[in-house]
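S.K.: Counting from 263, one number per residue, gives the positions in the sequence shown under our numbering.
It should be emphasised that the hints constitute simulated quantities derived from the structure, not laboratory data. Given the structure is predicted, the values throughout are model-derived calculations rather than measurements. No false leads were slipped in.
Below, a list of computed lysine-lysine pairs in the DSS-like style, where the Cα atoms sit at most 27 angstroms apart: (1) Lys622 <-> Lys334; (2) Lys440 <-> Lys509; (3) Lys492 <-> Lys509; (4) Lys604 <-> Lys440; (5) Lys602 <-> Lys509; (6) Lys657 <-> Lys622; (7) Lys648 <-> Lys334; (8) Lys501 <-> Lys611; (9) Lys611 <-> Lys509; (10) Lys622 <-> Lys602; (11) Lys334 <-> Lys492; (12) Lys266 <-> Lys334; (13) Lys440 <-> Lys602; (14) Lys489 <-> Lys509; (15) Lys408 <-> Lys602; (16) Lys611 <-> Lys622; (17) Lys433 <-> Lys266.
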Amino acid sequence: MDVKILPIIMCGGSGTRVWPESRESLPKQFIPLLGVRSTFQATLENLDESLFEAPIVISNQDYRFLVSEQVKETGRTARVVLEPVRRDSAAAVAVGTELAVEIAPDTIVAIFAADHIVRDRAAFLAACREAAAAAAQGYIVTLGIKPTQPATGYGYIRTGAPVLAGSTVLKAEAFVEKPDAETAARYVAEGYLWNAGNFFFRADVMQEELRHFTPLVQAAAAEALAKARKDLDFLLLDKEAFSRAPKISIDYAVMEHTEKAAVVPADIGWSDVGTWAAVYELSEHDADGNSVRGNGIVLDASNVHIRSDEHLTTVVGVDNVIVVTTQDAVLVLDRAHGDKVKQLVDRLKAENRREALEHKRSYRPWGYYQSVDNGPRYQVKRIVVKPGARLSLQKHFHRAEHWIVVRGTAEVTRNNEVIQVHENESIYLPIGAVHRLANPGRIDLELIEVQTGSYLGEDDIVRIEDVYNRV
263 MDVKILPIIM CGGSGTRVWP ESRESLPKQF IPLLGVRSTF QATLENLDES LFEAPIVISN
323 QDYRFLVSEQ VKETGRTARV VLEPVRRDSA AAVAVGTELA VEIAPDTIVA IFAADHIVRD
383 RAAFLAACRE AAAAAAQGYI VTLGIKPTQP ATGYGYIRTG APVLAGSTVL KAEAFVEKPD
443 AETAARYVAE GYLWNAGNFF FRADVMQEEL RHFTPLVQAA AAEALAKARK DLDFLLLDKE
503 AFSRAPKISI DYAVMEHTEK AAVVPADIGW SDVGTWAAVY ELSEHDADGN SVRGNGIVLD
563 ASNVHIRSDE HLTTVVGVDN VIVVTTQDAV LVLDRAHGDK VKQLVDRLKA ENRREALEHK
623 RSYRPWGYYQ SVDNGPRYQV KRIVVKPGAR LSLQKHFHRA EHWIVVRGTA EVTRNNEVIQ
683 VHENESIYLP IGAVHRLANP GRIDLELIEV QTGSYLGEDD IVRIEDVYNR V
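Sequences are here, hints too, so could you generate the full structure?
M.R.: See below:
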């Protein structure tokens, strides 16, 4: 193709089925579930720059700095659009479509999920070229994955005749929901394909289909974009307008109704990495079928998957289990019950368990902090600030803080003073003191923070000034 494809990456999901590594504060698309890159970064790196334009990433505003940091780590560039409230995929596709129409009505758009993986990049790019060529003819094209098993966790596509004589692009006769085991086996036998949720279309074609089949979504997306505002390097959609978009997937909204649906059969090593069982299947195994990532040992057992970055995790004499150990939670899972992890997370949420949503390590645009210890009137944190970064100018009504520098040099603003605090030195910040922490150096600043007071919640922060627009 002479014309490049505009990729739009949807990057707002929460990935609860791979808890406890994936949580709302750090969902699975930002985690290196396989290899050293996250699935979001792997998606970016699959987009060959000779075929694709720089991508548009549509994400939740809570993830904006995670998106920015991970794009930067790949050496790529991207335009980042932020959703002010969570909506389903139809609204994200509608926003991406409106942005593409602004460039040119006949722009060829590709929609990708940030939390899927592709292992055969060459086959993937070949399928993208084929899909884009059909999209240029007015079809809305999806990549239909050739099933490797009768999976019950995926939707399926029933295919029809070629859209043109001699073409390998087929008519998509029907999109069907996740089946039971017996139905899935029949689908595979009859040649159905998995629905991977990737779509290629001309911008004006999708815009018209959205207007026809789901006008409320299209109108809300267009208005939210028209009223959007710049927020640092991000584009923040208007909250009031975007909130009017119904929560509906693009499959329900358009693909199940349009007469323009087509499919490219693709054998590209695709997976949505949707469960721990899928992660296990995609991981390297030893002769006994065991897979260990991090600090783990398996003895007299087979088909075991261990993931533990810190704590020593051991499995003895128990087959077919997955054990995931994080700093504050342990999951022991029969591989056959991977879909029940979501139910577990729902129960944790119902019980207001912090572990359902947050890790002990919380990432911020300036770095991160990690809880070390806490009690009724104290809390200890480890804080790491990136070179050149600074926290907000702030104060607290209920707590005092004591900072001890472990590594690097801290520039501390305390009321009207600016003080350099070096390694093995400390500084005290009384209740009500206006203060800021900055890292003027070229290495990470690491310090231990001891908080004391009657209330230690994160909402006891009054931001006076902030370079990240969080005031």
